[in-house]
Amino acid sequence: MSSSKDIFDLEKQNHQLVDHPIHLHPQQQSQQPQQQQLPLHAHLEPEDVRVSPFQMDVNMNPSLNAVLQPTTPPPNPGPFGLCAFALTAFCMGLYNLRAGVDAAAPGNFITGTAMFYGGLGQVIAGLLEYRHGNTFGGTTFCSYGLYWISYATLLIPAFGVTAAYADFPEDYNTAVGTYLLGWTIFTFLMWTLTWKSNLASTALFFCLGMTYLFSTISSLAHLEPGNIVQKFGGGMGVVTSSIAWYCAMADLSNNQNSYYTLPLGQLGRR
Numbered sequence: 001m002s003s004s005k006d007i008f009d010l011e012k013q014n015h016q017l018v019d020h021p022i023h024l025h026p027q028q029q030s031q032q033p034q035q036q037q038l039p040l041h042a043h044l045e046p047e048d049v050r051v052s053p054f055q056m057d058v059n060m061n062p063s064l065n066a067v068l069q070p071t072t073p074p075p076n077p078g079p080f081g082l083c084a085f086a087l088t089a090f091c092m093g094l095y096n097l098r099a100g101v102d103a104a105a106p107g108n109f110i111t112g113t114a115m116f117y118g119g120l121g122q123v124i125a126g127l128l129e130y131r132h133g134n135t136f137g138g139t140t141f142c143s144y145g146l147y148w149i150s151y152a153t154l155l156i157p158a159f160g161v162t163a164a165y166a167d168f169p170e171d172y173n174t175a176v177g178t179y180l181l182g183w184t185i186f187t188f189l190m191w192t193l194t195w196k197s198n199l200a201s202t203a204l205f206f207c208l209g210m211t212y213l214f215s216t217i218s219s220l221a222h223l224e225p226g227n228i229v230q231k232f233g234g235g236m237g238v239v240t241s242s243i244a245w246y247c248a249m250a251d252l253s254n255n256q257n258s259y260y261t262l263p264l265g266q267l268g269r270r
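Numbering of the sequence shown is given in our numbering, commencing with residue 1 and proceeding in unit increments.
Quick caveat, the hints were computed from the structure, so don't treat them as lab data.
Virtual Cβ for every residue (Gly too), placed ideally from N, Cα, C.
There may be inaccurate statements among the hints.
Unchecked claim - Computed list of lysine to any residue pairs in SDA-like fashion (alpha-carbon distance at most 25 Å, straight line):
(1) Lys-196 <-> Ile-185
(2) Lys-196 <-> Ile-156
(3) Lys-196 <-> Gly-112
(4) Lys-231 <-> Tyr-117
(5) Lys-231 <-> Ala-158
(6) Lys-231 <-> Gly-133
(7) Lys-196 <-> Gly-133
(8) Lys-231 <-> Tyr-179
(9) Lys-231 <-> Ser-253
(10) Lys-196 <-> Cys-142
(11) Lys-196 <-> Asn-254
(12) Lys-231 <-> Lys-196
(13) Lys-231 <-> Trp-245
(14) Lys-231 <-> Gly-177
(15) Lys-231 <-> Phe-186
(16) Lys-196 <-> Phe-206
(17) Lys-231 <-> Leu-127
(18) Lys-196 <-> Tyr-117
(19) Lys-196 <-> Thr-111
(20) Lys-231 <-> Gly-265
(21) Lys-196 <-> Leu-127
Claimed, not checked - The following label-pair restraints were derived from C-beta to C-beta distances:
(22) Trp-195 <-> Ile-156: 15 to 25 Å
(23) Asp-102 <-> Ala-158: 33 to 43 Å
(24) His-222 <-> Phe-109: 41 to 51 Å
(25) Pro-157 <-> Ile-185: 41 to 51 Å
(26) Trp-195 <-> Asp-102: 34 to 44 Å
(27) Thr-72 <-> Gly-160: 42 to 52 Å
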């Protein structure tokens, strides 16, 4: 059992500890590192960003293994897909305008272009866009590439589409019109996704939608080949192809390969 003197000495030591607290050395206090707060995308947001057509869905979140990624950006498949679309739409537009051809002339000349350049070419461009993380570009290029391939099947006798409607020509026009109506709806839906990108891509999808719309009306109304509505659709097709070529050149042109760069008319950033 402790004596009263031992208890007094213990209380005295406690008072000394309270009166003389332990102070850390300044060098020990400064050992904790101070972290500098940076903006989340400071290293990913250059001052001058050109949001090109079909490049509106690129993931801007920093990757966990960014150190392993190459500094050189991957090639942009957009211009290739746009050129494939533009040339095919240009040929089809001139045919619908009946420029230099008879009103009842077949459109089989478009088969090879629609099957390979406009069709297969755009599918390849779309798959590359998916690989680069661009969902919008991949969806549009793959969709319209497969549109041209499916349209070419209407002109290839081996698929037997026109032969199946040999006794029902009116129903054939209705079937084609329904097919084009679906593409009209799809195109105007995609057009709404370009309102925050740039004027060039917005004008491209709007004119393409009008091209489909005039062709749809011509087929569903069972108008004769070479009618005024079909010619309006052909004219819009030529305008659409011109805008697509412009967008491709805007993506391709830079200070290293040309004396000019083409503006896209930026509307907003996501």
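Hint check results:
no., hint, in the structure
1, Lys-196 <-> Ile-185, "holds (20 Å)"
2, Lys-196 <-> Ile-156, "violated (40 Å)"
3, Lys-196 <-> Gly-112, "violated (36 Å)"
4, Lys-231 <-> Tyr-117, "holds (24 Å)"
5, Lys-231 <-> Ala-158, "violated (29 Å)"
6, Lys-231 <-> Gly-133, "violated (38 Å)"
7, Lys-196 <-> Gly-133, "holds (19 Å)"
8, Lys-231 <-> Tyr-179, "holds (19 Å)"
9, Lys-231 <-> Ser-253, "violated (33 Å)"
10, Lys-196 <-> Cys-142, "holds (22 Å)"
11, Lys-196 <-> Asn-254, "holds (23 Å)"
12, Lys-231 <-> Lys-196, "violated (31 Å)"
13, Lys-231 <-> Trp-245, "holds (21 Å)"
14, Lys-231 <-> Gly-177, "holds (16 Å)"
15, Lys-231 <-> Phe-186, "holds (22 Å)"
16, Lys-196 <-> Phe-206, "holds (14 Å)"
17, Lys-231 <-> Leu-127, "violated (33 Å)"
18, Lys-196 <-> Tyr-117, "violated (29 Å)"
19, Lys-196 <-> Thr-111, "violated (35 Å)"
20, Lys-231 <-> Gly-265, "violated (29 Å)"
21, Lys-196 <-> Leu-127, "holds (24 Å)"
22, Trp-195 <-> Ile-156: 15 to 25 Å, "violated (38 Å)"
23, Asp-102 <-> Ala-158: 33 to 43 Å, "violated (25 Å)"
24, His-222 <-> Phe-109: 41 to 51 Å, "violated (24 Å)"
25, Pro-157 <-> Ile-185: 41 to 51 Å, "violated (29 Å)"
26, Trp-195 <-> Asp-102: 34 to 44 Å, "holds (41 Å)"
27, Thr-72 <-> Gly-160: 42 to 52 Å, "holds (49 Å)"
Figure legend: structure checked against the earlier numbered hints; hints not met, in rising order: 2, 3, 5, 6, 9, 12, 17, 18, 19, 20, 22, 23, 24 and 25.
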